[in-house]
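There are 4 protein chains.
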Amino acid sequence: MVIILKENAPAVEVQALEQYLEAFDLQIKETVGEHMSILGLIGDTTAVDIDTLLTFPCVEDVRRIQEPYKAVNKKFHPEPTVVEVAPGIKIGGGNFQVIAGPCSVETEEQIIEVAEDVKKSGATMLRGGAFKPRTSPYSFQGLRANGLELLEEAKKATGMPIVTEIMSAAHLPLFKNVDVIQVGARNMQNFELLKALGKQEKPILLKRGLANTIEEWLMSAEYIMSEGNPNIILCERGIRTFETATRNTLDLSAIPVLKEKTHLPVIVDPSHATGVRQYVEPLAIAAAAIGADGLIIEVHNDPQKALCDGAQSLTPEQFDNTMKKIKKMRNFVTTELN
Amino acid sequence: MVIILKENAPAVEVQALEQYLEAFDLQIKETVGEHMSILGLIGDTTAVDIDTLLTFPCVEDVRRIQEPYKAVNKKFHPEPTVVEVAPGIKIGGGNFQVIAGPCSVETEEQIIEVAEDVKKSGATMLRGGAFKPRTSPYSFQGLRANGLELLEEAKKATGMPIVTEIMSAAHLPLFKNVDVIQVGARNMQNFELLKALGKQEKPILLKRGLANTIEEWLMSAEYIMSEGNPNIILCERGIRTFETATRNTLDLSAIPVLKEKTHLPVIVDPSHATGVRQYVEPLAIAAAAIGADGLIIEVHNDPQKALCDGAQSLTPEQFDNTMKKIKKMRNFVTTELN
Amino acid sequence: MVIILKENAPAVEVQALEQYLEAFDLQIKETVGEHMSILGLIGDTTAVDIDTLLTFPCVEDVRRIQEPYKAVNKKFHPEPTVVEVAPGIKIGGGNFQVIAGPCSVETEEQIIEVAEDVKKSGATMLRGGAFKPRTSPYSFQGLRANGLELLEEAKKATGMPIVTEIMSAAHLPLFKNVDVIQVGARNMQNFELLKALGKQEKPILLKRGLANTIEEWLMSAEYIMSEGNPNIILCERGIRTFETATRNTLDLSAIPVLKEKTHLPVIVDPSHATGVRQYVEPLAIAAAAIGADGLIIEVHNDPQKALCDGAQSLTPEQFDNTMKKIKKMRNFVTTELN
Amino acid sequence: MVIILKENAPAVEVQALEQYLEAFDLQIKETVGEHMSILGLIGDTTAVDIDTLLTFPCVEDVRRIQEPYKAVNKKFHPEPTVVEVAPGIKIGGGNFQVIAGPCSVETEEQIIEVAEDVKKSGATMLRGGAFKPRTSPYSFQGLRANGLELLEEAKKATGMPIVTEIMSAAHLPLFKNVDVIQVGARNMQNFELLKALGKQEKPILLKRGLANTIEEWLMSAEYIMSEGNPNIILCERGIRTFETATRNTLDLSAIPVLKEKTHLPVIVDPSHATGVRQYVEPLAIAAAAIGADGLIIEVHNDPQKALCDGAQSLTPEQFDNTMKKIKKMRNFVTTELN
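Chains as they are written, first to last, in our numbering: chain G, 1 to 338; chain C, 1 to 338; chain X, 1 to 338; chain B, 1 to 338.
These are computed hints drawn from the structure, not numbers from a lab.
Do not rely on the hints blindly, as some may be mistaken.
Remember, identical chains collapse to one label, so a pair may be satisfied in a single copy or spanning two.
No farther apart than 25 Å at their CA atoms in a straight line, the calculated lysine to any residue pairs in the SDA-like style are these [what the hints assert, rightly or not]:
1) LYS199 <-> ALA170
2) LYS202 <-> THR135
3) LYS74 <-> GLY275
4) LYS176 <-> GLU109
The whole structure should be built from the sequences, with the hints applied where relevant.
Structure, rendered in structure tokens:
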């Protein structure tokens, strides 16, 4: 951390600041110049609050040098995290998985039919919303506990591990047969939920918030990991921009950025990112090309009857075609490109 | 709601769409043109899902005409809502209140001292964070339950009603002596929390999300109100933009927009909006000038020792000066300007 | 400027960097720590390119400390700039002016009628677009040279100085009778135009770009001023955000920020910021309350027949009412509030 | 175009609106409902101004149905545009080209050396900035006319067509030996420049603005094409978002969106989009995977001595490696994937 002092700051004010800093276990190095002086703080500055430093009258500005995250930081854990969702179904460290299924669980028939379809096409995990975050209280809110039971039926029928979203830590007991617990974009900074998920062991699929930076996203992962749960899968799902041709803007640059900064696996959700069926395949392929560890794709057996997000769902046939291309691309990238 | 049909859509496809729409209690009016046909849906279209309509092959686009909110809509409830926080302390409908206090409750001494100071200057409610949403798990997370107890002490000592943030519905029992429950920006779309708050009676201070539109904000208020709680105070606290000179960009246009669209009172938080002490006063004054129903301002007796956000806190002396100007401005606006 | 070196950067790499820096007239102060070393560069670092520094393998990060603008910087020119637009019509340094008129000049009758109307209400300068930047090539592009002539007629008829937008330096000869040359938001970083305007003497009204920071805006003013023209009036006209209830989001925080950072006057355009007639007055009043040096407001004698932006234009009657309030507010702020 | 009328709008007001609309050559279809009436306008509504319609008191809202662009619209010109930059060097319609070279032209030696290097690696066009748009007037502004001469030398030496940015229509005579004229992001809505470029015949490389939508971008292309020049290459170069790990956020979704909406070729600039050398290759590969018609990549023989943007430039060796992968990916996509 670097503290830039104001030009001609009185010595007494700088001493007050240095006195304050003594409470932390840090080395302080002062550089005095004609027009500018700086204090370099060396050591673990995680506990030093920038806002407090800025209240000292002698302080012009403060810059944090080190990343504020530790547990999820690749610098300190260079080996990639491999999350084993179920026996033999791993993600990260060279393991690539496709999660597929409907936006919402609707009926037993629907979820089992879709599960069988996507399994046949090569998906290895089943997604399906039981608790649905909707902007409007008048929109379908999901089958809730009942939806979780239907997911379990589909799991029994197909053997596929299930991935579904949680909206409150109070619901955790209902998730005992869920394999991967999803935290949605709107809950990325629901810190109480993150802490609760850090205290249990199931893998977490942590979606990026709609207007959050990669650093904020990693800090949310840090909340989970610092409570004891290292099984975190990041999911890029598009950020809010001024563009209206797609629902959000998929930030594929986030993949190489995350590969550099963290050991956690990262997957891509082209369905929610675009909100438009015909753009799902090209972005899924690009995500595979750029080195994502997996994909999560919406598939519905009857999109016109879907209770939510039908416009972005692939039919099982479309998904089957897309999966063929994803597999070809993944194979090309891992065996021929590099 | 208006459905725009594709040019030359086959009659059979349009019939399929019309059949689907029969399930809703709506009048359908078709306008057929040479290059474009449209269906006008007349009636309550709240239950019609745009995404589903978009999956029909004959549909080019769908436009919602009516606002998707009802309970909070001024069209249906033209009288302004007046929230009575405590006997005689009303907000909305011409009643203006200033809430003040520290970012975080830290010690009994601190919170009582600040409470007495801000009361003397004219604040009528005390704010103070007990549960603190922080980007980093390593930052001070608030005194939590203990902080609520200290707020209650300050309430006893000064008689001021207290306003403090909730982060999980599970904590509701701890809030029984709190007067106004705040929902922070990051929880504006924590729908499970909103529903729980709608089922109880305490007034809610609902902050706008960091990257949310006014319509999304009103939909979150609708979540609370549709569950039965009409005591909602909206709080504009700045939105995320590319500007870096202030922490967020205070959207003062939101005040006249909300005055037109909703009957709910709206207050302004210039402290979190700017993040910079010297900008708090000018924006507080501008908020009073434009017709906000109140303000929420951070005040700390010793900003350099504040455990969070010291850089934006006013000292009691600064707050006293600012309050004098706010009162003058409020008085000018209500008695002379209009 | 502070250069943060990589942990364990080899001495030879750091020497290469220091050798490179020798070319600049700077003092270099090194602070060596266990896990981090920094170089503080003291002196005028305007010519040092951050991108180049980042190419040195030993460099982790570079932070600029000083503002990159000089001529427009209040630190070096603490006295407020007063722009004298015409004899006795000054803006800045306590002088407040309202510019009003139609979006576009349409006919001689229209522009003269509006000019007379707004003059009667207290506006001291006439605005009117002759060259119109329009998103679509099929929208009305303005009367161009002919529009400038009509503005001159209105100036003759009323004695009001005229303010109008330039879209290309090639048009400068046509602007010889214009009093204030406006640079629109889309041309804020048209650097060739800025340079040309810096080489002539007429005052410039420099609008903020749609997605630009205050610092970028000041750098554009620096382009003009560093070429020799100090007569610059900044104009906040709203920035692009996700909000759709208003066309842009007026950033009123920019006023106190600019008052701190620059000596240039700053005015507010509530018409383009909101795009909605009924929000123009409340934001105009708030701008006067927060200390803007003036306003620019669209007024049209027949908004339904306006060739552009009729929806945000006030009628002369509305403008007259709004002006009464603006004057009251300005009077209150300067004589009673402070 | 659909006009939504206000509930209970008086018949006389609606007649006034209909009278106004008679001036346009349109069919008007009215749909009258209990709570809502709409007017559907059928025909070419390009000339109808939405803002003017909104000034009619009976109008609640107006929605444009058809895209506002015609010449660049794929609906009316389904065949892909192929731009022939030089004999045998085509872009679009299945032709893929890589443009490479330094950010700025610096010396004859530099530009010729880089040109030879990138040609050897397979680039078919040379880029190099002569006129440089820089945020600061104190940054290197390019060699200007002299830089164009050096580019011509490199063209003579290598036979590569040259691509370089124009900043003012006044400079057009200097560009007579340039093969592709680039319009930078900051000039995307410099409409006078676009018109001038539409009146000449050289191909235009039109970069997307920093905060512009795809529709606005296509409208800028429409400016050029409607003046007579159909040789336009679009270039996605990242948009401004809140993310700071990359300079901008590359919007790869724009590629499939544009492939659907326009017949114009579109290339990708991963260098300016990321601003970080190590992210250039993965995004270049993803762009090739998603179907871009080409790439523009910054290469410098000595990035540490680059006068601008060194941090994002590849060395010739890095570029050579990246080109091998781009070619493999392009080959895989065109021969095996689809």
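Evaluated hints:
In this homomeric assembly, LYS199 and ALA170 come within 25 Å of each other (Cα to Cα) both inside a single copy, at 13 Å, and across copies, at 16 Å. In this homomeric assembly, LYS202 and THR135 come within 25 Å of each other (Cα to Cα) only across copies, at 23 Å, whereas the closest approach inside a single copy is 28 Å. In this assembly of identical chains, the alpha carbons of LYS74 and GLY275 lie at most 25 Å apart only when taken from different copies (22 Å versus 32 Å within one copy). Taking identical chains as interchangeable, the C-alpha atoms of LYS176 and GLU109 lie at most 25 Å apart only when both belong to the same chain, with a minimum of 22 Å there against 45 Å between chains.
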